[in-house]
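Given the coordinates of chain R, work out where chain H should sit on it, guided by the hints.
Chains as they are written, first to last, in numbering that gives the first Met the number 0: chain R, 0 to 449; chain H, 0 to 160.
Simulated from the structure, these hints should not be mistaken for lab results. Note that the Cβ used here is the ideal one computed from N, Cα and C, for glycine as well. All clues stand as given, with none of them false.
Far from chain H, some chain R residues (derived; all Cβ distances over 10 Å):
{"#": "1", "residue": "Arg6"}
{"#": "2", "residue": "Ala147"}
{"#": "3", "residue": "Gly158"}
{"#": "4", "residue": "Tyr159"}
{"#": "5", "residue": "Asp229"}
{"#": "6", "residue": "Gly267"}
{"#": "7", "residue": "Phe302"}
{"#": "8", "residue": "Thr303"}
{"#": "9", "residue": "Gln420"}
Think about it this way: if two alpha-carbon atoms lie no more than 27 Å apart in a straight line, the pair counts; the simulated DSSO-like pairs of lysine-lysine are:
{"#": "10", "chain 1": "H", "residue 1": "Lys92", "chain 2": "R", "residue 2": "Lys282"}
{"#": "11", "chain 1": "H", "residue 1": "Lys1", "chain 2": "R", "residue 2": "Lys187"}
{"#": "12", "chain 1": "R", "residue 1": "Lys187", "chain 2": "H", "residue 2": "Lys70"}
{"#": "13", "chain 1": "R", "residue 1": "Lys438", "chain 2": "H", "residue 2": "Lys92"}
{"#": "14", "chain 1": "H", "residue 1": "Lys92", "chain 2": "H", "residue 2": "Lys140"}
{"#": "15", "chain 1": "R", "residue 1": "Lys378", "chain 2": "R", "residue 2": "Lys397"}
{"#": "16", "chain 1": "R", "residue 1": "Lys139", "chain 2": "H", "residue 2": "Lys3"}
{"#": "17", "chain 1": "H", "residue 1": "Lys20", "chain 2": "H", "residue 2": "Lys3"}
{"#": "18", "chain 1": "R", "residue 1": "Lys378", "chain 2": "R", "residue 2": "Lys437"}
{"#": "19", "chain 1": "H", "residue 1": "Lys159", "chain 2": "H", "residue 2": "Lys147"}
{"#": "20", "chain 1": "R", "residue 1": "Lys282", "chain 2": "H", "residue 2": "Lys140"}
{"#": "21", "chain 1": "R", "residue 1": "Lys437", "chain 2": "H", "residue 2": "Lys92"}
{"#": "22", "chain 1": "H", "residue 1": "Lys3", "chain 2": "R", "residue 2": "Lys187"}
{"#": "23", "chain 1": "R", "residue 1": "Lys253", "chain 2": "H", "residue 2": "Lys145"}
{"#": "24", "chain 1": "R", "residue 1": "Lys425", "chain 2": "R", "residue 2": "Lys282"}
{"#": "25", "chain 1": "H", "residue 1": "Lys20", "chain 2": "H", "residue 2": "Lys1"}
{"#": "26", "chain 1": "R", "residue 1": "Lys194", "chain 2": "H", "residue 2": "Lys20"}
{"#": "27", "chain 1": "R", "residue 1": "Lys35", "chain 2": "R", "residue 2": "Lys51"}
Listed next, with one range per pair, are the computed distances between beta-carbon atoms:
{"#": "28", "chain 1": "R", "residue 1": "Asn118", "chain 2": "H", "residue 2": "Lys49", "range": "30 to 38 Å"}
{"#": "29", "chain 1": "H", "residue 1": "Lys1", "chain 2": "R", "residue 2": "Ala394", "range": "57 to 65 Å"}
{"#": "30", "chain 1": "R", "residue 1": "Thr303", "chain 2": "H", "residue 2": "Lys20", "range": "54 to 62 Å"}
{"#": "31", "chain 1": "H", "residue 1": "Asp111", "chain 2": "R", "residue 2": "Asp72", "range": "54 to 62 Å"}
{"#": "32", "chain 1": "R", "residue 1": "Thr445", "chain 2": "H", "residue 2": "Asp111", "range": "30 to 38 Å"}
{"#": "33", "chain 1": "H", "residue 1": "Ala155", "chain 2": "R", "residue 2": "Thr445", "range": "32 to 40 Å"}
{"#": "34", "chain 1": "H", "residue 1": "Lys49", "chain 2": "R", "residue 2": "Glu162", "range": "20 to 28 Å"}
{"#": "35", "chain 1": "H", "residue 1": "Lys49", "chain 2": "R", "residue 2": "Asp72", "range": "30 to 38 Å"}
{"#": "36", "chain 1": "H", "residue 1": "Lys20", "chain 2": "R", "residue 2": "Ser344", "range": "49 to 57 Å"}
{"#": "37", "chain 1": "R", "residue 1": "Gly156", "chain 2": "H", "residue 2": "Lys154", "range": "52 to 60 Å"}
{"#": "38", "chain 1": "H", "residue 1": "Arg105", "chain 2": "R", "residue 2": "Gln206", "range": "39 to 47 Å"}
{"#": "39", "chain 1": "R", "residue 1": "His132", "chain 2": "H", "residue 2": "Lys99", "range": "26 to 34 Å"}
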Amino acid sequence: MPAPQQRRIIFRHIDEPGYTNDLACYVRHGGYEMLKKAVAMAPAALIEEVKKSGLRGRGGAGFPCGVKWSLVDRKSGKPIYLVVNADESEPGTFKDRYIIHQDPHQLIEGIMISSFANNVKQAYIYIRGEMPHGARILEKAIAEARAANLVGPNILGTGYGCEIYVHRGAGAYICGEETGLIESLEGKRPYPRIKPPYFPAVLGLYQCPTIVNNVETLCHVKHIVEMGGDAYAKIGTPNNTGTRILCVSGHVQKPGYYEYEVGTITLGELLNEVCGGPLPGRKFKAVIPGGSSAKILRFGETFTLKNKDGSSRTLTVEDIPMDFDTLAACGTMGGSGGVIVMDDSVNMVEALANINAFYAHESCGQCTPCREGSLWMKKITTRMVHDHARTEDGALLKSVADQIAGRTICAFGEACSWPTQSFVAKFGDEFRAYPETKKAAKSAGTLELV
Amino acid sequence: MKLKPETLRRIDEVIPHYPVKRSATLPLLHLIQEDAGYISSEAVEWVAAKLELQPINVLEVVTFYPMFRQKPIGRRHIKVCRTLSCALMGGYKTCESFEKEFNTPRGEVSADGEVTIEFVECLASCGTAPVVMIDDDLHEKVDCAKAKQLSDQIKAESKKR
Numbered sequence: 000m001p002a003p004q005q006r007r008i009i010f011r012h013i014d015e016p017g018y019t020n021d022l023a024c025y026v027r028h029g030g031y032e033m034l035k036k037a038v039a040m041a042p043a044a045l046i047e048e049v050k051k052s053g054l055r056g057r058g059g060a061g062f063p064c065g066v067k068w069s070l071v072d073r074k075s076g077k078p079i080y081l082v083v084n085a086d087e088s089e090p091g092t093f094k095d096r097y098i099i100h101q102d103p104h105q106l107i108e109g110i111m112i113s114s115f116a117n118n119v120k121q122a123y124i125y126i127r128g129e130m131p132h133g134a135r136i137l138e139k140a141i142a143e144a145r146a147a148n149l150v151g152p153n154i155l156g157t158g159y160g161c162e163i164y165v166h167r168g169a170g171a172y173i174c175g176e177e178t179g180l181i182e183s184l185e186g187k188r189p190y191p192r193i194k195p196p197y198f199p200a201v202l203g204l205y206q207c208p209t210i211v212n213n214v215e216t217l218c219h220v221k222h223i224v225e226m227g228g229d230a231y232a233k234i235g236t237p238n239n240t241g242t243r244i245l246c247v248s249g250h251v252q253k254p255g256y257y258e259y260e261v262g263t264i265t266l267g268e269l270l271n272e273v274c275g276g277p278l279p280g281r282k283f284k285a286v287i288p289g290g291s292s293a294k295i296l297r298f299g300e301t302f303t304l305k306n307k308d309g310s311s312r313t314l315t316v317e318d319i320p321m322d323f324d325t326l327a328a329c330g331t332m333g334g335s336g337g338v339i340v341m342d343d344s345v346n347m348v349e350a351l352a353n354i355n356a357f358y359a360h361e362s363c364g365q366c367t368p369c370r371e372g373s374l375w376m377k378k379i380t381t382r383m384v385h386d387h388a389r390t391e392d393g394a395l396l397k398s399v400a401d402q403i404a405g406r407t408i409c410a411f412g413e414a415c416s417w418p419t420q421s422f423v424a425k426f427g428d429e430f431r432a433y434p435e436t437k438k439a440a441k442s443a444g445t446l447e448l449v
Numbered sequence: 000m001k002l003k004p005e006t007l008r009r010i011d012e013v014i015p016h017y018p019v020k021r022s023a024t025l026p027l028l029h030l031i032q033e034d035a036g037y038i039s040s041e042a043v044e045w046v047a048a049k050l051e052l053q054p055i056n057v058l059e060v061v062t063f064y065p066m067f068r069q070k071p072i073g074r075r076h077i078k079v080c081r082t083l084s085c086a087l088m089g090g091y092k093t094c095e096s097f098e099k100e101f102n103t104p105r106g107e108v109s110a111d112g113e114v115t116i117e118f119v120e121c122l123a124s125c126g127t128a129p130v131v132m133i134d135d136d137l138h139e140k141v142d143c144a145k146a147k148q149l150s151d152q153i154k155a156e157s158k159k160r
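Bound-form chain H, shown alone:
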């Protein structure tokens, strides 16, 4: 498995934060997913060896937590909050706007590999509903017009690449 030197450095830095190596499972998975985009079975075995665990100990973590994925996703990750406060303010319409803009149903990667659109559960910003996370950034009060604007921005950035 090929990880960036910076990722390897951060992995070695985080393990001693815990008296028991196994505790570093989530931090290592985050670091690897940030680097590689997803958690491959090779990565599961690598983390297990690094933390002196069995691969199943790592795999059961990967399969439980919603943020870890075992397949690559689009270059940009659009996560629309589905839960009550956002839904009350039109979150479902927001999600449909993104789906229409990128002609991609939620849960799937767009044909050009640029975006993945997903519904996620409560993002803890209910007062500014509906909210959307695009990669690491939270966007507030995303109505259909703002969804269109954000989509245009993503498309423009994709073209520039």
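Only chain R is shown next, with the shape it has when bound in the complex:
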């Protein structure tokens, strides 16, 4: 059976010849019609549509967007802020970059609709520092929209006003964590805040109610207004609605970005049919399905899952549909949609050493278990790769990782321990054999990963 067709909603115009990122082109393609429709609706009705749509956040956690919005404290009398998380930093994820560069007005329209729905008067786009061109493109697009009264003090003559400013980060992964992002936007070190009490919906930016949404999530809002929440909810699969952009990188013939109805394509179809399978002469060995912090899957392992009627089904890695719930049931996550593929040329100790170096570099240092633990894990895997591996290192790594997750203020503790826990659990044989593997010299290490 051939793989299902892509359904491009968010990426409809990405890489389309002749499609440019200016306002005129966007308007020619029906742009800002949904903002016009939205400002004629009651804000509460817009929130209701988003709730009905079942839209789940595309940044990593998959939290329902409508629920997030309905948690906002609207009685405080304080301003409500919308912060756009464009700090795309999760290794393996590269979707927001294309929206920002090629279709910035789609994002701005989504921001304005979401702002109107939530009575937001000030929105900030927090964009990665490493995307200077993206920041300039967004600033230019906002200026165009402002000149056309689509952003600014009097939107489309309604008297409703909302301003958007672009705020550049400066290379810190932790700013993708929403409370860390808020601290960063306040001009501080991005140390995540403890929840409770600092739920952004109540005590966010400047201690005011704040909504933090991912770029892709906000783009979906525009399409929910277009289709209506009920119709949108029919796309994808129950509880995993809409489309999502899957970013595939690593050892496949055709890496890239592919937009599918959530859950309609399996990991096997995605990698073998859409991405053209493994590189010549190679076999798939492992895949990380949702950004580098998601737990790794080993080709050949199977998962027995319970069906609703009490029966059970067994899935191989290739059988797993790319939705939030099944990936979670298989012990990993859909996360940010970043699929990283490794073939049989990769030694898993070395791949983990690469990931551990990332997390040790990016830990903000606020919580001791994460600051020390991420560094210890890096030191152990680096030592292993540099000829001092011991057979018991896998167990040592696991014991460090097990003492981080659940003991930190933010989810970085989990993000940095999940790779180690899952690599050691699923490739324990390679960790135990690594001292011998290194002695056998060049079978390992033809590909330098650390």
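Below, chain H alone, put in the same frame as chain R:
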């Protein structure tokens, strides 16, 4: 501290974007670094005074965020992505190519002051790995041959100056 009039204009433009001045710390540091090349201790004090903060409030930001630097770097800044997807596609070899081309180890400024080569973490373009940023521009699928070509281009541009 001597900043270009354009930098000063943009600094005054960006501060009112925020209800609290402190929020302008990152934007000001970016603008100053673009102008002066790095963040000097004088710049830290200048930003603190401008935003009505203590210098430590600014310094702790400068020292946390990887993009801010307290020392000048080479005229061209080559940043090679080190993270998994790029490494799987040969990112380490790419970095070594640049190091060889400019005879400069990563993390250091070349003897002629022309380039600084660095490994950086994920640049969010994993589908076109390995990727490299040279100053503000992203270069995709930079294998050793393309690294050589980009290096030659940088060298030619340096000579023309």
